[in-house]
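Chains as they are written, first to last, in the working numbering: chain A, 14 to 312; chain B, 282 to 543; chain C, 33 to 289.
Hints in this document: simulated from the structure, not taken from any laboratory. Just so it is clear, the structure is predicted and the values come from calculations on it, not from any experiment. You may find that some hints are simply not true.
Some chain C residues close to chain B (C-beta under 7 Å, calculated; not the full set) [to be verified]:
{"id": "1", "residue": "Asn180"}
{"id": "2", "residue": "Ala181"}
{"id": "3", "residue": "Glu183"}
{"id": "4", "residue": "Arg186"}
{"id": "5", "residue": "Ser187"}
{"id": "6", "residue": "Phe188"}
{"id": "7", "residue": "Ala189"}
{"id": "8", "residue": "Thr190"}
{"id": "9", "residue": "Arg194"}
{"id": "10", "residue": "Pro202"}
{"id": "11", "residue": "Trp280"}
Using C-beta positions, here's what the derived DEER-type ranges look like [as the list claims (entries may be wrong)]:
{"id": "12", "chain 1": "B", "residue 1": "Glu355", "chain 2": "C", "residue 2": "Ile277", "range": "39 to 45 Å"}
{"id": "13", "chain 1": "A", "residue 1": "Thr49", "chain 2": "C", "residue 2": "Ile112", "range": "18 to 24 Å"}
{"id": "14", "chain 1": "C", "residue 1": "Ala179", "chain 2": "B", "residue 2": "Met455", "range": "28 to 34 Å"}
{"id": "15", "chain 1": "C", "residue 1": "Val177", "chain 2": "B", "residue 2": "Gln504", "range": "38 to 44 Å"}
{"id": "16", "chain 1": "C", "residue 1": "Leu182", "chain 2": "A", "residue 2": "Pro225", "range": "27 to 33 Å"}
{"id": "17", "chain 1": "A", "residue 1": "Tyr73", "chain 2": "C", "residue 2": "Asn150", "range": "18 to 24 Å"}
{"id": "18", "chain 1": "A", "residue 1": "Pro225", "chain 2": "B", "residue 2": "Gln407", "range": "49 to 55 Å"}
Simulated coverage check for chain A against chain C, where a stretch passes if three residues somewhere in it have a Cβ under 8 Å from a Cβ of chain C [unchecked claim]:
{"id": "19", "stretch": "73-87"}
{"id": "20", "stretch": "162-172"}
{"id": "21", "stretch": "202-212"}
{"id": "22", "stretch": "236-244"}
{"id": "23", "stretch": "288-302"}
Beta carbons: idealized from backbone N, C-alpha and C, even for Gly.
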Amino acid sequence: MAAARPQSDPTKLPRAIRQFFALLILLLLLAALWETLKWISGDPWRPDANPFGLDHNPPYRFKIASDLNLPHLWDIFAAFGKESRRNGPPLISVLFSASLFTFREAIMGFIFGGVLGFILALIFQRYALLDRGCMPYVVASQTIPILAIAPMVIIWLKAGWVSVAVIAAYLTFFPVTINTLRGLRSPEPTAVELMASYAATRRDIMWKLRLPAALPYIFTALKISATASVVGAIIGELPSGIRDGLGGAILNFNSYYITSPSRLWAAIIASALVGILFFGLVTLAERLVLRDRQAPDPV
Amino acid sequence: MEAVPVVSFDNVDKIFNRGGADETVALKSINLDIRPSEFISIIGPSGCGKSTLLRLVGDLIAPSAGTVTVNGKEAHQARLDHDYGMVFQQPVLFDWRTIQRNVELPLEVYGFDKAERQQRARELLQMVELGGFENHRPWQLSGGMQQRVSIARALATAPKLLLMDEPFGALDEMTRERMNMELHAIWRQTDTTVIFVTHSISEAVFLSNRVIVMSARPGRIMQIVDIDLPIPRGEHTRQDPALFEAERAVREWLRKAEAFSA
Amino acid sequence: MSHTRTYLPAVVLFVAAIVVWELFVQLFDIQQFLLPAPSVIGRAFADNFGRLVSIGWFTTKEALGGLLIGCTAGIGVALITARWTIASETMMPFAIAANSVPILAFAPIVNNWFGVDNPLSKMVIVAVIVFFPMMINTVRGLTLVDANALEMMRSFATSDFRIVWHLRIPNAMPYIFNAFKVVVPLSMIGAVVSEYFGGNRSALGIFITQEAAQFRFANAWAGIIIACIVGITLYAVVLVAERLIIPWHSSVRKQTT
Chain A
14 MAAARPQSDP
24 TKLPRAIRQF
34 FALLILLLLL
44 AALWETLKWI
54 SGDPWRPDAN
64 PFGLDHNPPY
74 RFKIASDLNL
84 PHLWDIFAAF
94 GKESRRNGPP
104 LISVLFSASL
114 FTFREAIMGF
124 IFGGVLGFIL
134 ALIFQRYALL
144 DRGCMPYVVA
154 SQTIPILAIA
164 PMVIIWLKAG
174 WVSVAVIAAY
184 LTFFPVTINT
194 LRGLRSPEPT
204 AVELMASYAA
214 TRRDIMWKLR
224 LPAALPYIFT
234 ALKISATASV
244 VGAIIGELPS
254 GIRDGLGGAI
264 LNFNSYYITS
274 PSRLWAAIIA
284 SALVGILFFG
294 LVTLAERLVL
304 RDRQAPDPV
Chain B
282 MEAVPVVSFD
292 NVDKIFNRGG
302 ADETVALKSI
312 NLDIRPSEFI
322 SIIGPSGCGK
332 STLLRLVGDL
342 IAPSAGTVTV
352 NGKEAHQARL
362 DHDYGMVFQQ
372 PVLFDWRTIQ
382 RNVELPLEVY
392 GFDKAERQQR
402 ARELLQMVEL
412 GGFENHRPWQ
422 LSGGMQQRVS
432 IARALATAPK
442 LLLMDEPFGA
452 LDEMTRERMN
462 MELHAIWRQT
472 DTTVIFVTHS
482 ISEAVFLSNR
492 VIVMSARPGR
502 IMQIVDIDLP
512 IPRGEHTRQD
522 PALFEAERAV
532 REWLRKAEAF
542 SA
Chain C
33 MSHTRTYLPA
43 VVLFVAAIVV
53 WELFVQLFDI
63 QQFLLPAPSV
73 IGRAFADNFG
83 RLVSIGWFTT
93 KEALGGLLIG
103 CTAGIGVALI
113 TARWTIASET
123 MMPFAIAANS
133 VPILAFAPIV
143 NNWFGVDNPL
153 SKMVIVAVIV
163 FFPMMINTVR
173 GLTLVDANAL
183 EMMRSFATSD
193 FRIVWHLRIP
203 NAMPYIFNAF
213 KVVVPLSMIG
223 AVVSEYFGGN
233 RSALGIFITQ
243 EAAQFRFANA
253 WAGIIIACIV
263 GITLYAVVLV
273 AERLIIPWHS
283 SVRKQTT
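Pulled out of the complex, with its shape left as it was, chain A reads as follows (with noise of 0.2 Å):
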């Protein structure tokens, strides 16, 4: 009885606030650790190099905290404002187009990849046999590294933009066929015996009973492909010789890494908020178009 449900306890702070808290502590922590891993045992810290003017020596010496391959969180973000190579522009905005190139490559191949997807799913879903026969392939296309293939997909299609969205897209388009297709079964018998009832249409189901059925499941779908073409658009630039994205700048900083670690790590963070961006900006499309529908999962 819905009565005997549990009370919401009236000393919780509201859900955003506690989650607002929730990631400046967890951030705080992050940098707390990684930076008392380098008092441990990092290189010594010249008073002249940190904000604090800190001078002090590590009792010991690892290999994973030196200033090498652990640079200091400040020297990191004083990076992204140093210029990028001798005489050039600012790494900030070296990273900042280099972004904006992966993110187009990352959407193109986003949307080939959608659109390939949702047709796939809508033709299986009619046609039986060919779902029997071509599923196990989809399901089997997955388990080739397509990131394997990039240096061939590279080939085939020449080096460019295109290639990359092309890898992108092919690692965007399984999660989302197979998602839509769980979603067009979704609704009950129960639902389509109804529709039929009414002596609807095929076209009248699908619109009005499957695809509305299906959009949560598509959606959850659109989110795993977001972080996919993201890691292809990245990977497929490295064996293309792209240089202008953040897979080019992740390979060449790193060939400088020697002199100047802080910015592949400057390079590297760009990659990670390329990916928590278009991962965000799915979601809010997700809040927007679902905004009406019961919440399905609390995790």
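Got chain A sorted already, so can you dock chains B and C onto it with the hints?
Frame of chain A, contents of chains B and C only:
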């Protein structure tokens, strides 16, 4: 000599979300004594707090005011002492256990040894007429059979008190009548006190010594109707004019309760 | 009989696809570097078989090591945080967001930490890739428990530990297996791709890039086939384990009702 009550409510209130915008007074000033070996049903319009009442006895929720006493001790202590067995509207069987092991679950939790557990579970499955299904899985059984398993599980520790929350609500009428007969037989065999929440008048009357009629918003006890049908009950009871008379009385009080609630 | 019905269309299509591919390459005289014919790839596979097996095994060990570390950590963290629902509920959105970080971008750094040639550097990358899906799924499985079942366990007056043991963990098993199905192919891809950033010469990722760079595409394809075979085998192992360990779950059990 008046026997010590098995369950006793003393001026119990239950308020959900107290102080909040959606504060709900689920139960108000409940006073009730339940006698040993009694079969007592609780019936009332939806939202009248019958399930809440049952959960207070089981200490699954705590009263906002007043005290609930079970076997002469606080309900909380009674739960810790495993004084009762409970049957829910859903059978709540674990898919990862066989039927036999589902019945054994509470015994396992209470630390009975393996041989005793198995012996007891087999006996109980015999009693609910599911001998031979020990190694089946829950999903292989029909709804009625699943609910019989959950009754066997509730009886596993031979509790003196059985709490049942609309256990047959999801079953069809024929199955429900058969289950009523079986429950009646089990009750007579085991000498257990049963508190039975239902929304079926005929079920309540057929099974009970007393039927509690509740009103909603806030939940109160409207009337307690004594059912003086001879025991044991069976097919003959369903033809008894006294049964119709009792059903009519309960229905009348329910109607009043609904008017009162509205 | 139902097996033939399920698998026949797939098998027919597979054979047809190979034949069409072969004919397509032969008839239109497609150049080697664009798309080698299946027969050529097959020959390359046979010629390099010994080498392919040894480098395949090297990379498989990296994938397995990463899986072991990542899954243990993911399940462990989930078990610990699920104990405090508020903590895990608050942390979940961040775990999900962290899962959208392209972990492979960290490969160069990790290579520097543990040494490019050290398989541990690849295992760590695989472990981090595997960690988040595993943790997120396990937390879901531990927390999305039927409220009725929880109430029943409470009616038994049982300890939190027993609720975890008898109810939450069995409930999480199907979620954990779903995570395994996602994570196992990822682990192989992760191992191969993290080798792109440099690594031991006897590794699959290095082999594929080098052969492709020198236009020996049939060899590169043979390397990819090895990666596929390993991925599919690991996936099959998960399916079999699922059948053995959770035969009661609806995704596995036969239709008997």
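Verification of the supplied hints:
1. The beta carbon of C:Asn180 comes within 5 Å of a beta carbon in chain B, closer than 7 Å, and the hint placing it at the interface holds.
2. With a cut of 7 Å, the hint placing C:Ala181 at the interface with chain B holds, because the nearest CB-to-CB distance is about 5 Å.
3. The beta carbon of C:Glu183 is positioned within 7 Å of a beta carbon in chain B (closest approach about 6 Å), and the interface hint is therefore held.
4. Annotation: interface hint on C:Arg186 holds; nearest CB of chain B at approximately 6 Å, less than 7 Å.
5. Taking 7 Å as the C-beta cut-off, the interface hint given for C:Ser187 holds, the closest approach to chain B being about 5 Å.
6. Taking 7 Å as the C-beta cut-off, the interface hint given for C:Phe188 holds, the closest approach to chain B being about 5 Å.
7. Against a cut-off of 7 Å between C-beta atoms, the interface hint on C:Ala189 holds, since the closest Cβ of chain B lies about 5 Å away.
8. Restraint check, C:Thr190 versus chain B: the minimum CB separation of about 5 Å is within 7 Å; hint holds.
9. For C:Arg194, the interface hint holds, the least distance from its beta-carbon to any beta-carbon of chain B being 6 Å, beneath 7 Å.
10. Hint status for C:Pro202 relative to chain B: holds, with the closest Cβ pair at about 4 Å, below 7 Å.
11. Look at C:Trp280: its Cβ gets to within about 5 Å of chain B, closer than 7 Å, so that hint holds up.
12. A hinted range of 39 to 45 Å holds for the C-beta pair B:Glu355 and C:Ile277, which are about 42 Å apart.
13. Range check, A:Thr49 to C:Ile112: about 21 Å between beta-carbon atoms, so the 18 to 24 Å window is met.
14. The supplied range of 28 to 34 Å is met by C:Ala179 and B:Met455, whose beta-carbon atoms lie about 30 Å from each other.
15. Evaluation of the 38 to 44 Å hint for C:Val177 and B:Gln504 yields a pass: the beta carbon distance comes to about 39 Å.
16. A hinted range of 27 to 33 Å for the beta carbons of C:Leu182 and A:Pro225 is consistent with their spacing of about 32 Å.
17. Against the hinted window of 18 to 24 Å, the Cβ-Cβ separation of A:Tyr73 and C:Asn150 comes to about 21 Å, which satisfies the hint.
18. Judged by the Cβ atoms, the range 49 to 55 Å given for A:Pro225 and B:Gln407 holds: they are separated by roughly 50 Å.
19. Only when three residues or more bring their CB closer than 8 Å to a CB of chain C does the claim for the stretch 73-87 of chain A stand; here the count is 4, and the claim holds.
20. Against chain C, the stretch 162-172 of chain A contributes 5 residues with a C-beta closer than 8 Å to a partner C-beta. That satisfies the three-residue criterion, and the hint holds.
21. Only when three residues or more bring their CB closer than 8 Å to a CB of chain C does the claim for the stretch 202-212 of chain A stand; here the count is 0, and the claim is violated.
22. Counting residues of the stretch 236-244 of chain A whose beta carbon lies closer than 8 Å to any beta carbon of chain C gives 5, which reaches the threshold of three, so the coverage claim holds.
23. Counting residues of the stretch 288-302 of chain A whose beta carbon lies closer than 8 Å to any beta carbon of chain C gives 5, which reaches the threshold of three, so the coverage claim holds.
Hint 21 alone, counting from the list given before, is not met by this structure.
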